[in-house]
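Student: The listed protein sequences derive, respectively, from chains A and B. The first sequence runs 6 to 178 under my numbering. The second sequence runs 99 to 347 under my numbering.
Fair warning: there could be bad hints in the mix.
Straight-line Cα separation of at most 20 Å, SDA-like style, residue types lysine to any residue; simulated pairs [stated by the list, open to error]:
| no. | chain 1 | residue 1 | chain 2 | residue 2 |
| --- | --- | --- | --- | --- |
| 1 | B | K176 | A | A54 |
| 2 | B | K176 | A | Q61 |
| 3 | B | K293 | A | T167 |
| 4 | B | K340 | B | G186 |
| 5 | B | K188 | A | I48 |
| 6 | B | K184 | A | A54 |
| 7 | B | K176 | A | Y42 |
| 8 | A | K149 | A | I133 |
| 9 | B | K188 | A | K149 |
| 10 | B | K176 | A | R60 |
| 11 | B | K176 | A | S46 |
| 12 | A | K145 | A | N173 |
The hints are simulated quantities; they were obtained by calculation from the structure and are not laboratory data.
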Amino acid sequence: MATETTGGTEAAGMPQLEFSTFPNQIFWLVIALIAIYFILSRIAMPRIAAVLAERQGTITNDLTAAEELKLKAVEAEEAYNKALADARTEAQQIVAEAKAEIQAELDVEIQKADAEIAAKTAESEKAIAAIRESAAESVKEVAKDTAKELVAVLGGKADARTVTAAVNARMKG
Amino acid sequence: MADEAKGGIEIHPMDQFIVEPLFGDGAINWYTPTNVTLWLFFAVVAVTLLMVVGTRGRAIVPSRSQSVGEMAYGFVYKMVEDVTGKEGLKYFPYIFTLFLYILLANFLGLIPGSFTTTSHIAVTAVLAGAVFITVTVLGFVKNGAGFLSLFWVSSAPLVLRPILAIIELISYFVRPVSHSIRLAGNVMAGHAVLKVFAGFAASLGVFSFIPIFGIVAIYALEVLVSAIQAYVFTILTCVYLKDALHPHH
Numbered sequence: 006m007a008t009e010t011t012g013g014t015e016a017a018g019m020p021q022l023e024f025s026t027f028p029n030q031i032f033w034l035v036i037a038l039i040a041i042y043f044i045l046s047r048i049a050m051p052r053i054a055a056v057l058a059e060r061q062g063t064i065t066n067d068l069t070a071a072e073e074l075k076l077k078a079v080e081a082e083e084a085y086n087k088a089l090a091d092a093r094t095e096a097q098q099i100v101a102e103a104k105a106e107i108q109a110e111l112d113v114e115i116q117k118a119d120a121e122i123a124a125k126t127a128e129s130e131k132a133i134a135a136i137r138e139s140a141a142e143s144v145k146e147v148a149k150d151t152a153k154e155l156v157a158v159l160g161g162k163a164d165a166r167t168v169t170a171a172v173n174a175r176m177k178g
Numbered sequence: 099m100a101d102e103a104k105g106g107i108e109i110h111p112m113d114q115f116i117v118e119p120l121f122g123d124g125a126i127n128w129y130t131p132t133n134v135t136l137w138l139f140f141a142v143v144a145v146t147l148l149m150v151v152g153t154r155g156r157a158i159v160p161s162r163s164q165s166v167g168e169m170a171y172g173f174v175y176k177m178v179e180d181v182t183g184k185e186g187l188k189y190f191p192y193i194f195t196l197f198l199y200i201l202l203a204n205f206l207g208l209i210p211g212s213f214t215t216t217s218h219i220a221v222t223a224v225l226a227g228a229v230f231i232t233v234t235v236l237g238f239v240k241n242g243a244g245f246l247s248l249f250w251v252s253s254a255p256l257v258l259r260p261i262l263a264i265i266e267l268i269s270y271f272v273r274p275v276s277h278s279i280r281l282a283g284n285v286m287a288g289h290a291v292l293k294v295f296a297g298f299a300a301s302l303g304v305f306s307f308i309p310i311f312g313i314v315a316i317y318a319l320e321v322l323v324s325a326i327q328a329y330v331f332t333i334l335t336c337v338y339l340k341d342a343l344h345p346h347h
């Protein structure tokens, strides 16, 4: 350290081998070691051990809590999925029901309409048939009358029965 | 004038290790407060700052200083557990004391102008000797004569076993020597080299930047060595303790 001047006389050997200083060093070392030992074993080590144990406990607790929360989350997800599936099936059911109802109503309406149409058609056909018949009668009348007139003009004597028969024969032909 | 020229390159790399009284210039008795006392006291203060003041928050989420203290605790705790097993944890406080003292004394020694207590063989010999005696006594207390099976390599051929026993015995008694000299030697050598480079820097004038770069590099290395030597000392202590607890190969 400081005193360089005295170094010349002593520095020949190693200060480490200056045996006269050994008792001094050993005495103070033992005191220092005992002091360190008591500081460590009485204060520092119990404190650190407690802190480490507490930390370990906290970590373990937190991990368990996290595990529980995770389970809860999985459960919640399952419930959600189930609710979703239920809602979907219900919706499908409602749709199917509505469809069936509409179909039934539609069928009834169609049937009704068909029946109405059929009735109207039958009526119309009857009317047409009547018109056709009356038309044919009128044609016969006109044809008879015309034939009678023609026969009369031509100077013949019209026999009503023959004329009718002739007209009927023609009309059929 | 010749003396002046010589003075330019005269370097006293070992002067930093001289033990001297804090007050006055008298003889060094065993109770004299010396620079050793001062720097040992600083080591105790450093331990207190790190492990007591630093952890005073007792926070679940640690502050920076608490984190460092916890890391040191966890590091040594795991080392003791891994090397010696569960039953070695009883001795964890002693091993932790050794580790923290060596680590912080090494780091304190790196402060320029400081005194490095762990560079003295007297200090490291006490540490290593304490470990050696404790471990040996513990080995006999725990295992009785069975502790001697540490020297009797039962997996070797019978003819070789006496020879191996002698080698094992020698290596066992060399342990405290290597254990203490490894630490003191590493620390002392590093600090001496720093001083030598500093002496070069003082004498080279303009070119002093070269040794200064050297000092920076070696200082970084010394920081590493400080931590590694504390680790090595501690893990060897654990290994010796393991031998005492389970002497069978």
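Student: A separate judgement is required for each hint: does it hold in the structure or not?
Tutor: Here's how the hints hold up against the structure:
For the hint pairing B:K176 with A:A54, the CA-to-CA distance comes to about 13 Å; that is within 20 Å, so the pair holds. Using a Cα cut-off of 20 Å, the hinted pair B:K176 and A:Q61 holds, with the two alpha carbons roughly 16 Å apart. As the CA atoms of B:K293 and A:T167 are separated by approximately 169 Å, the hinted pair breaks the 20 Å bound. The hinted pair formed by B:K340 and B:G186 meets the criterion: a straight-line CA distance of about 7 Å does not exceed 20 Å.
Under the criterion of a C-alpha separation no larger than 20 Å, the hint pairing B:K188 with A:I48 is consistent with the structure, at around 17 Å. Among the hinted pairs, B:K184 with A:A54 is consistent with the structure: their alpha-carbon atoms are about 16 Å apart, no more than 20 Å. Of the supplied pair hints, the one linking B:K176 and A:Y42 holds, its CA atoms being roughly 19 Å apart against a limit of 20 Å. With a C-alpha separation of about 24 Å, the suggested pair A:K149 and A:I133 falls outside the 20 Å cut-off, and the hint is violated.
At roughly 149 Å between alpha-carbon atoms, B:K188 and A:K149 are farther apart than 20 Å, so this suggested pair is violated. Annotation: proposed proximity of B:K176 to A:R60 holds, straight-line Cα distance about 17 Å (limit 20 Å). Between B:K176 and A:S46 the alpha-carbon distance is near 17 Å, which keeps this suggested pair within the 20 Å criterion. Restraint check for A:K145 and A:N173: the C-alpha separation of about 7 Å stays at or below 20 Å, so the hint holds.
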